[in-house]
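Residue numbers (the working numbering): 785 to 1210.
The set of hints was computed from the structure by calculation and includes no laboratory data. Please note: incorrect hints may appear among the correct ones.
[Unchecked claim] Lysine to aspartate or glutamate pairs mimicking EDC-like chemistry, simulated, CA-CA at most 20 Å apart:
#1 Lys980 <-> Glu992
#2 Lys1027 <-> Asp1012
#3 Lys980 <-> Glu911
#4 Lys1027 <-> Asp1016
#5 Lys1191 <-> Asp1155
#6 Lys1101 <-> Asp1016
#7 Lys1191 <-> Glu1075
#8 Lys1101 <-> Glu1075
#9 Lys980 <-> Glu1005
#10 Lys1191 <-> Asp1162
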Amino acid sequence: MPADLAVLGLGHTGLPLAQAATAAGINTIGYDPDPVTVADINAGRVPPGTLSAAELRRMLAGGFRASDDPAVLGRVRTAVICAPAPLGADHTLDLAAVEAAARALAGQLRPHTTVVLESAVFPGTTEGFLRPLLEAGGLRAGRDFHLAYSPGRLDPGGRDFQLANTPKVVGGCTPACTEAAAAFYGRFTERVVRAKGLREAEAVKLLETNYRHVNIAFANEMAVFCHDLGVDLWDVIRCAETKPFGFQAFRPGPGVGGPAPALDPNAAPSYTTGLAAGRARVPGHPLRIVELAQEVNSRMPRYVVQRAAALLNEHGKSQRGARVLLLGVTYKADLADEEGAPAREIGSRLIELGAQLAYHDPYVPQWRVLDRPVPRADSLWEAAAEADLTLLLQHHRTYDLQGLAVKAQLMLDTRGATPAGAAARL
């Protein structure tokens, strides 16, 4: 039977969208070119960092199915592309998965379909990159099918905000495209916000993503600054966040991970820079503050290792040969997702400096650094007592940090989660 909705890309953004639509009674199919991913989802095995097992079971019971056959895309009313767009080695977005999804859809695209891109991209990508791919079969966006962009807004692991109660921004190729996308999202979200157009909607994602990275970078800078001055940063934050206006607290950490990297227009591809004659500023004008934020945040794993070495030295221990226990190797608390987590770089640097590494994470049964397995601590309490240094990288709810701080010989807390005075803090 034809489905109302096809979700292309069944990862961090796609599966939660499919789950929300299925729960609202929308006949939904999922498309992913990876047969292993498809088989796992249909068997009820959840990809890391997406849904709970119970949510996936309810989706499957509600009729959702995943497929790696592009033919399933041929009779849907709405198609939403949620393919990943990670940063490549040159810090530009890798749109290979978005391109593959677009080509799969273009071969099956029918008139009157609404196509929405949700992947994190630079302003101009929907028009300059996606549209030509979709129009390769002869249909024209804005005339034969609707084309729009909507920034993905998810709080992985969060309990307060789901798709239903998070406003959805949409911007279309034409006003009619915007309304078609708004009508679709209005079926399962409480509020739809209409942007002026495609580029405005894409720039919303740019602003929201970089807002997080810039503010975390400032918190990380403050952590280094306060440590050098002998100031307790965590007490500073505690006091500052009592201000009821004009301030939102961000906290430092060992780095910034997750599936939404900082978007630096300096690295925007050429198809995003087309302008009408007479415009003075070229899109892709560098956002210097974003560049600086990336520099600051990328330095944090190295800074954490330096703080670890200094702490060991203060207690008469050498980093070479030291037994170091890493607590929490995921990018976010209470989540199994390791994407972009700073733990791997910290672990690599510690091993290269001669430390003997072990780890514990209730969500990660196996972990590798520098292509070698890292021993997993079976008994957390014993491992903390035996380690020369326990390094808290992620504060999972299951950790009794007060007890662990007492048990550990030395503890460095990069999350400010231990009680004041119980451990050294970033």
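Violated constraints from the hint list, given by number and in increasing order
Hint check: 2, 5, 6, 7, 8 and 9 fail, others pass.
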